[in-house]
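Trainee: Residue strings, one per chain:
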Amino acid sequence: MPLEISSEVVGKSAHITLVGELDSSTAPSVRQLVDKILADSPENLILHVEHLSFMASAGLRIIIFAKQRSPELKVYMVKPQETIVETLKKTGFYQGVYVVDESPV
Amino acid sequence: METQTFPGNLDALGPIRTFVTHAGQAAGLSHKATYDLCLAVDEIATNIVTYGYEESGLTGDIRIKSEITEERLVISLEDTGKAYDPDAIALPDLDDLSQPLENRPLGGLGILLAKTGVDEFNYTQVDDHHVHEFIVRRNQHG
Numbered sequence: 000m001p002l003e004i005s006s007e008v009v010g011k012s013a014h015i016t017l018v019g020e021l022d023s024s025t026a027p028s029v030r031q032l033v034d035k036i037l038a039d040s041p042e043n044l045i046l047h048v049e050h051l052s053f054m055a056s057a058g059l060r061i062i063i064f065a066k067q068r069s070p071e072l073k074v075y076m077v078k079p080q081e082t083i084v085e086t087l088k089k090t091g092f093y094q095g096v097y098v099v100d101e102s103p104v
Numbered sequence: 000m001e002t003q004t005f006p007g008n009l010d011a012l013g014p015i016r017t018f019v020t021h022a023g024q025a026a027g028l029s030h031k032a033t034y035d036l037c038l039a040v041d042e043i044a045t046n047i048v049t050y051g052y053e054e055s056g057l058t059g060d061i062r063i064k065s066e067i068t069e070e071r072l073v074i075s076l077e078d079t080g081k082a083y084d085p086d087a088i089a090l091p092d093l094d095d096l097s098q099p100l101e102n103r104p105l106g107g108l109g110i111l112l113a114k115t116g117v118d119e120f121n122y123t124q125v126d127d128h129h130v131h132e133f134i135v136r137r138n139q140h141g
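Those protein sequences? They're chains B and W, same order as listed.
Following numbering that gives the first Met the number 0 from start to finish, the first sequence increments by one per residue and tops out at 104.
Following numbering that gives the first Met the number 0 from start to finish, the second sequence increments by one per residue and tops out at 141.
It cannot be assumed that every hint is accurate.
[Unchecked claim] From the derived model, a few chain W residues whose C-beta atoms are all more than 10 Å from chain B: (1) Cys37; (2) Asp41; (3) Gly56; (4) Thr79.
[Stated by the list, open to error] Some but not every residue of chain W turned toward chain B, in silico, with C-beta under 8 Å: (5) Met0; (6) Glu42; (7) Val130.
[Stated by the list, open to error] For lysine to aspartate or glutamate, the following DMTMM-like pairs were computed, each having C-alpha atoms within a straight-line distance of at most 20 Å: (8) B/Lys73 / W/Asp118; (9) B/Lys88 / W/Asp118; (10) W/Lys31 / W/Glu119; (11) B/Lys35 / B/Glu85; (12) B/Lys89 / W/Glu101; (13) B/Lys89 / W/Asp86; (14) B/Lys88 / W/Asp94; (15) B/Lys89 / W/Asp10; (16) W/Lys31 / B/Glu85; (17) B/Lys35 / W/Asp86.
Quick caveat, the hints were computed from the structure, so don't treat them as lab data.
Predicted, not measured: the structure shown is a model, and the values here were computed from it.
No residue lacks a Cβ here, since even glycine has one placed at the ideal position from N, Cα and C.
Please put together the full structure from these sequences, using the hints given.
Mentor: Here is the structure:
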């Protein structure tokens, strides 16, 4: 299944909604969007992933990239599916992002 | 045994996951076990495409096979790209995994997810063919 990407910036928070599957073929588009968003120095990157059914390590590298560019950036993952939560835990990312049931802003 | 061949490029990743998902369902694996297996295969398929073929200036196919026995589901990925040894790639250790994300190394995550997603992971070279094998025990993950 391909990946549908949409985004919105509200104040200092950038929202990205991902629907479908995030792998190395679809990740470059997300990375490009994140790169563009970070140029405006948001404080929060809020990833709406309730309907993201698959995330490979390519998705994790996008988060690393975002944090390397903006160490103070807060990354939220809103309603990730249980399988993706497991990936975050296995790779130590669970401690570095905010996993939430609803958008903080 | 089911077999399918895909061209060795990133467009194959989705169809490869579909193949693995069907195999997992046919083997009666749980949703979680099927997902973990899909992720493992996807990570290695990505490495085959990226490092085995594209960055090495090579082209070729990826052949995927599934075999279901009473006890196991075995998925094999076969390619003719540049050889590499997945055991030689350093996995993130506990110290790496606890680092702040901005200090994390980029490498090793794919292999980590591949190896931890299945019960057994094997890599062999036969002439110019490389075979990655992913084994899931059915009675533990059904």
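Trainee: All hints are to be evaluated individually against the structure, with a verdict given for each.
Mentor: Results for each hint:
For W/Cys37, the requirement that its beta carbon stay farther than 10 Å from each beta carbon of chain B is not met, with the minimum near 7 Å. Taking the minimum C-beta to C-beta distance to chain B, about 5 Å, the non-interface status of W/Asp41 is violated against the 10 Å cut. For W/Gly56, the condition that its CB be more than 10 Å from all CB atoms of chain B holds, with the nearest at approximately 18 Å. Taking the minimum C-beta to C-beta distance to chain B, about 20 Å, the non-interface status of W/Thr79 holds against the 10 Å cut.
Interface restraint check: W/Met0 against chain B, minimum CB-CB distance 25 Å, threshold 8 Å, status violated. This hint holds: W/Glu42 has a C-beta 6 Å from the nearest C-beta of chain B, less than the 8 Å allowed. Interface hint status for W/Val130: violated, as the beta-carbon distance to the closest one in chain B is roughly 21 Å, over 8 Å. Taking the CA atoms of B/Lys73 and W/Asp118, the gap is about 35 Å. The hint is violated against a cut of 20 Å.
The suggested pairing of B/Lys88 with W/Asp118 holds, with an alpha-carbon distance near 18 Å, which does not exceed 20 Å. In summary, the hint linking W/Lys31 to W/Glu119 is supported, as the alpha carbons are separated by about 16 Å, within the 20 Å threshold. Straight-line distance between C-alpha atoms of B/Lys35 and B/Glu85 comes to about 29 Å, which puts the hinted pair past the 20 Å bound. Of the pairs offered as hints, the one joining B/Lys89 and W/Glu101 holds, with about 17 Å between alpha carbons and a cut-off of 20 Å not exceeded.
For the suggested pair B/Lys89 and W/Asp86, the alpha carbons sit about 19 Å apart, so the restraint of at most 20 Å is met. At roughly 14 Å between alpha-carbon atoms, B/Lys88 and W/Asp94 fall within 20 Å of each other, so this suggested pair holds. Restraint check for B/Lys89 and W/Asp10: not satisfied, since their Cα atoms lie roughly 27 Å apart, outside the 20 Å limit. Note on W/Lys31 and B/Glu85: the hinted pairing holds, with a Cα-Cα distance of about 10 Å set against a maximum of 20 Å.
Of the pairs offered as hints, the one joining B/Lys35 and W/Asp86 is violated, with about 37 Å between alpha carbons and a cut-off of 20 Å exceeded.
In this structure, the hints that do not hold are numbers 1, 2, 5, 7, 8, 11, 15, 17, in rising order.
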